[in-house]
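With the hints as extra help, turn the sequences into a complete structure.
2 protein chains.
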Amino acid sequence: MTEYTAPLRDIRFALNDVLDFGYHYATIPGGEDATPEVVDAILEEFGKLCENTLVPLYRSGDEEECQWQDGEVTTPKGFKAAYQQYAQGGWPSLSSDIDYSGQGLPSSLSHITGELAASANMGFALYTGGQSGAIETLAAFGSPEQRDLYERKLIEGEWNATMCLTEPHCGTDLGLLRTKAEPQTDGSYAITGTKIFITGGEHDLTDNIVHIVLARLPDAPQGTKGISLFIVPKVMSDAEGNLGERNSVYCGSIEHKMGIKASATCVMNFDGATGYLLGDVNRGLMAMFTFMNASRIATATQGVAHAELGFQKSLAYARERLQMRAPNGPQNPQGPADPIIVHPDVRRMLLTQKAFAEGNRMLVYFLSKQLDLSERGQNKETRQQAKNLLDLMTPIGKAFASETGFESANLGLQCFGGHGYIREWGMEQNVRDARISMLYEGTTGVQALDLLGRKVLGSGGVMLKTFTDQIQFFCQNESSNETIKPYINKLNQLIEEWHRLTKTIGDKALTDANEIGAASVSYLMFSGYICLAYFWTQAAAAASRKLDEGSEDKDFYQSKLTTAQFYFDHVLPRTRTCVETINAGAESLMALDAQHFQF
Amino acid sequence: MTEYTAPLRDIRFALNDVLDFGYHYATIPGGEDATPEVVDAILEEFGKLCENTLVPLYRSGDEEECQWQDGEVTTPKGFKAAYQQYAQGGWPSLSSDIDYSGQGLPSSLSHITGELAASANMGFALYTGGQSGAIETLAAFGSPEQRDLYERKLIEGEWNATMCLTEPHCGTDLGLLRTKAEPQTDGSYAITGTKIFITGGEHDLTDNIVHIVLARLPDAPQGTKGISLFIVPKVMSDAEGNLGERNSVYCGSIEHKMGIKASATCVMNFDGATGYLLGDVNRGLMAMFTFMNASRIATATQGVAHAELGFQKSLAYARERLQMRAPNGPQNPQGPADPIIVHPDVRRMLLTQKAFAEGNRMLVYFLSKQLDLSERGQNKETRQQAKNLLDLMTPIGKAFASETGFESANLGLQCFGGHGYIREWGMEQNVRDARISMLYEGTTGVQALDLLGRKVLGSGGVMLKTFTDQIQFFCQNESSNETIKPYINKLNQLIEEWHRLTKTIGDKALTDANEIGAASVSYLMFSGYICLAYFWTQAAAAASRKLDEGSEDKDFYQSKLTTAQFYFDHVLPRTRTCVETINAGAESLMALDAQHFQF
Numbered sequence: 019m020t021e022y023t024a025p026l027r028d029i030r031f032a033l034n035d036v037l038d039f040g041y042h043y044a045t046i047p048g049g050e051d052a053t054p055e056v057v058d059a060i061l062e063e064f065g066k067l068c069e070n071t072l073v074p075l076y077r078s079g080d081e082e083e084c085q086w087q088d089g090e091v092t093t094p095k096g097f098k099a100a101y102q103q104y105a106q107g108g109w110p111s112l113s114s115d116i117d118y119s120g121q122g123l124p125s126s127l128s129h130i131t132g133e134l135a136a137s138a139n140m141g142f143a144l145y146t147g148g149q150s151g152a153i154e155t156l157a158a159f160g161s162p163e164q165r166d167l168y169e170r171k172l173i174e175g176e177w178n179a180t181m182c183l184t185e186p187h188c189g190t191d192l193g194l195l196r197t198k199a200e201p202q203t204d205g206s207y208a209i210t211g212t213k214i215f216i217t218g219g220e221h222d223l224t225d226n227i228v229h230i231v232l233a234r235l236p237d238a239p240q241g242t243k244g245i246s247l248f249i250v251p252k253v254m255s256d257a258e259g260n261l262g263e264r265n266s267v268y269c270g271s272i273e274h275k276m277g278i279k280a281s282a283t284c285v286m287n288f289d290g291a292t293g294y295l296l297g298d299v300n301r302g303l304m305a306m307f308t309f310m311n312a313s314r315i316a317t318a319t320q321g322v323a324h325a326e327l328g329f330q331k332s333l334a335y336a337r338e339r340l341q342m343r344a345p346n347g348p349q350n351p352q353g354p355a356d357p358i359i360v361h362p363d364v365r366r367m368l369l370t371q372k373a374f375a376e377g378n379r380m381l382v383y384f385l386s387k388q389l390d391l392s393e394r395g396q397n398k399e400t401r402q403q404a405k406n407l408l409d410l411m412t413p414i415g416k417a418f419a420s421e422t423g424f425e426s427a428n429l430g431l432q433c434f435g436g437h438g439y440i441r442e443w444g445m446e447q448n449v450r451d452a453r454i455s456m457l458y459e460g461t462t463g464v465q466a467l468d469l470l471g472r473k474v475l476g477s478g479g480v481m482l483k484t485f486t487d488q489i490q491f492f493c494q495n496e497s498s499n500e501t502i503k504p505y506i507n508k509l510n511q512l513i514e515e516w517h518r519l520t521k522t523i524g525d526k527a528l529t530d531a532n533e534i535g536a537a538s539v540s541y542l543m544f545s546g547y548i549c550l551a552y553f554w555t556q557a558a559a560a561a562s563r564k565l566d567e568g569s570e571d572k573d574f575y576q577s578k579l580t581t582a583q584f585y586f587d588h589v590l591p592r593t594r595t596c597v598e599t600i601n602a603g604a605e606s607l608m609a610l611d612a613q614h615f616q617f
Numbered sequence: 019m020t021e022y023t024a025p026l027r028d029i030r031f032a033l034n035d036v037l038d039f040g041y042h043y044a045t046i047p048g049g050e051d052a053t054p055e056v057v058d059a060i061l062e063e064f065g066k067l068c069e070n071t072l073v074p075l076y077r078s079g080d081e082e083e084c085q086w087q088d089g090e091v092t093t094p095k096g097f098k099a100a101y102q103q104y105a106q107g108g109w110p111s112l113s114s115d116i117d118y119s120g121q122g123l124p125s126s127l128s129h130i131t132g133e134l135a136a137s138a139n140m141g142f143a144l145y146t147g148g149q150s151g152a153i154e155t156l157a158a159f160g161s162p163e164q165r166d167l168y169e170r171k172l173i174e175g176e177w178n179a180t181m182c183l184t185e186p187h188c189g190t191d192l193g194l195l196r197t198k199a200e201p202q203t204d205g206s207y208a209i210t211g212t213k214i215f216i217t218g219g220e221h222d223l224t225d226n227i228v229h230i231v232l233a234r235l236p237d238a239p240q241g242t243k244g245i246s247l248f249i250v251p252k253v254m255s256d257a258e259g260n261l262g263e264r265n266s267v268y269c270g271s272i273e274h275k276m277g278i279k280a281s282a283t284c285v286m287n288f289d290g291a292t293g294y295l296l297g298d299v300n301r302g303l304m305a306m307f308t309f310m311n312a313s314r315i316a317t318a319t320q321g322v323a324h325a326e327l328g329f330q331k332s333l334a335y336a337r338e339r340l341q342m343r344a345p346n347g348p349q350n351p352q353g354p355a356d357p358i359i360v361h362p363d364v365r366r367m368l369l370t371q372k373a374f375a376e377g378n379r380m381l382v383y384f385l386s387k388q389l390d391l392s393e394r395g396q397n398k399e400t401r402q403q404a405k406n407l408l409d410l411m412t413p414i415g416k417a418f419a420s421e422t423g424f425e426s427a428n429l430g431l432q433c434f435g436g437h438g439y440i441r442e443w444g445m446e447q448n449v450r451d452a453r454i455s456m457l458y459e460g461t462t463g464v465q466a467l468d469l470l471g472r473k474v475l476g477s478g479g480v481m482l483k484t485f486t487d488q489i490q491f492f493c494q495n496e497s498s499n500e501t502i503k504p505y506i507n508k509l510n511q512l513i514e515e516w517h518r519l520t521k522t523i524g525d526k527a528l529t530d531a532n533e534i535g536a537a538s539v540s541y542l543m544f545s546g547y548i549c550l551a552y553f554w555t556q557a558a559a560a561a562s563r564k565l566d567e568g569s570e571d572k573d574f575y576q577s578k579l580t581t582a583q584f585y586f587d588h589v590l591p592r593t594r595t596c597v598e599t600i601n602a603g604a605e606s607l608m609a610l611d612a613q614h615f616q617f
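Protein chains in written order, with the working numbering: chain F, 19 to 617; chain C, 19 to 617.
Because the hints were derived from the structure by calculation, they are not lab data.
Just so you know, nobody snuck in bad clues.
A pair holds if it fits inside one copy or across any two, identical chains being indistinguishable in the list.
Pairs of lysine to any residue residues, derived as SDA-like cross-links and limited to a Cα-Cα distance of at most 20 Å, are as follows:
no., residue 1, residue 2
1, K508, E598
2, K508, R594
3, K473, N346
4, K508, Q488
5, K526, D587
6, K526, N346
7, K66, Q616
8, K473, Q488
9, K198, P354
10, K483, R472
11, K95, Q85
12, K198, D298
13, K66, G108
14, K572, D611
15, K405, Q488
16, K526, G347
It should be emphasised that the depicted structure is a prediction, and the values quoted were computed from it without experimental measurement.
If you want it as structure tokens, here you go:
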């Protein structure tokens, strides 16, 4: 059975040939040392950890699941050792603050390695993912003392962390949250309430877990403007991190889920637990926004991971499985049948996975680059521009990459026929694991409203235009490249259509706000298909340059041209359906009374 | 938590108002007694069995799974009692031959009840499904003695049965099968070989299991023309069915699967087991074709079942879950938030499920009607016409209903947000259970090749034209109905496009056979969307007539009109993408060398 191999060749292509990370890193603080060679070495090292340590725990982690007993959670066999290896390798510190034991490398590097971990073992990767969110939040809002204790311990990998947002009655609608924080005489707060869906809320990987918790002060305004952030450690400690008494926060149970079974998804009960205010009072939700882009990019990255994993495994199977003959006559006449990769429809399924894995990889790297620039850009203008682009494109990346990642995982399974349904091949686990990415960190519907309502229409179209100007600038620059001319023409048409559709929806929304929600998901997917067309055109441009230069990697670059052509031929036509459903509007969606859906 | 309720109101609409089963049953032998009132009573009774007996075992069956030990398989708690209740209720005999303990009702009735069982408990339903396939095969090819023993025991529900086709190295490509049958001096055969993916190959529901096995005689020609059919009982018996010695066929293991975990999927080892020839030597695969349409319709029915189950549960959730406010202002001002059904995108997901569940239900009933007519039509011409229509449309029904059933199950899950990923709601089980239907009984790719290659192009377009003539005849008849005029116009356009595309593909295929496989899945889905448009137009026509007649069921019929409009606005536009991808052809699918998909 083929296992996962870190796709380093394709990663190098996206980083170096398409997105010029060499230049990017050379021009941002902390990136100077991240030359292409260093990045290569880092990824190769991390790839080994994934292939040798995480992949072997992929299926066993799913089969064993986490076990809960009396408030304690045991992770599957091997997870603790793997976590220690991960921590000792210094991986939690990769892009963290150098003043708190970090290596100070750009944030984007964590997203690049994140894909490999999520492909190798999604259940495991979630323990390390929660950590980054907490580190970033502490970095942005922690006092020097808080950072010196909690952030340092996290960066050193000694402790683990969670983000505690969701409650039983509120997921998307955090304004409804009820967990309360009562001020104590010593300046701390007593935190009381129930949080659900807490990834890694309890486990045996580390001695301590730092919970970042959203709660309300007694006198806080209602809704989203009355939410504050608190640090609630599982075990109390002194300022050096020497552990003391157990805090009164306990894991009430863990969820039994469709997938990511090796990841403990916890119900956390805070029973007057000691907490410390993080950042300003009543600014908790605002604080969440700062790291929300990063968590959404991380989720987009998972979409890449699931597509890549499904692609690798189904490709290997399609090359080996002998069944039927090729339409144009035997290709393997000595054998009893041909390998199924000779069939056009099997190729369609493989190429779709490939186009999404490699296409969304470029999209995610583009986003990560903007994340770097928004944090470390040389001047305010650069940072703000990057921030705007990030705000616009993160919901696209999150929803589009997770939707197409799930589709790809399913296509990978489908290539196996009935065998794909059997657990031992791992294809169905990939489908189950992939399914969560369309739900958490804001469902596809939530991303779509954020994109169309808040970002595109909310900015009066300005944010969108900034991005399409960039595409058009690229198109003009490449106008003499004959290889990609048809793609350039197509892109220019689509951009025009994008603006036209946006205007139509905006006009309709003036008289009926439902028009935004009615169009939103189709609009997001439409935008996603155009973004990928843009990146595949860039890939084709880069590949054609390499071929013109006489590169020795001829087959590799030629495969990029072929995949780009496949994308334009067989995937991009999905925009046609998006356009029609967007234009269909809200009427038939809203006509039925809620009581009359079923009789 | 809302459980499943048999959708009797909608079933009555499809049967009576749209497809006029009253007339249909009145005109076929065995159908005379099946008046609408009798059918109603049967379905109500079966619905109760499903709701009261099968639904309570839905989740426990999935959690407990089947257990294998030393060749014996234990089904989940409660399954044996439920099976006995099912058998004692006479349900296996519903549409079986009256001369062998059957009730002789039309085959279609079994497909109608089949949907309810598959919604209520897919794992359970598979034990009873395998039975029907064996009963039909015995009925068609068994000697009077074979029928009197095996078929009767199956119809009486005392024994259970399997169909043993697949082997480890051959699923789609049955020509490769190796299981051998050696003639014995007593006229029986010694069967030796390994079969996999055998549904209900071993279990504790009945005292005996009858295996219908594909195997090769020693002197049989290679490939598909050397396959014969055998009856291999688990336990030997005398002619009255009194059990004797154990036959040497054993269950080597059961598969651990993504879903349908309550259904035992067995590896069966035949070790010189005693078998009896069924039908003619070397005609086994031909024999399989006779019941293949029926099993594909049964799989299409599962697609309806999964869409219906997802729809019912997500609708109930969407009406109850309070989160955020409606775009046009609060709809539930007294509550902390509005029910999520106020949101256009949630409605899109609900209506898509509804349109597929109810639309595919009409499609499946239409197919079942043709099945009845192909079996019991009054003259040869009627039977042949029905058979042709069935041959054309069964692959569409199988693949389209299972693909959109899976999509619907996923949309149902999506409506729950993160909660949908948690096992207790049952939404993720529905997704896992639904996933198999796109794989077994021929994958979507196999159905698509059958449709486009064998049926449409293989008949020189004649089979397709017969069906589109029928649609056009309907369109002409309804041309004065103003309510459905836009749908009629759209249908006429699509039929023209259907023929045009068919011709284009056929022309291209003359020079490159890969063009068929390249277009096939898009072509099948395109065909499916048109079929559903046809049925939704019929539904709208029927509903508008009822409204014109002043029916008291105004809200019900109005909801049909609204759903038809939704289908044309928000689902049918998917044909636009199909057309573009079909026209894109095989070139970019075939360009990449198998070695160059990955580097």
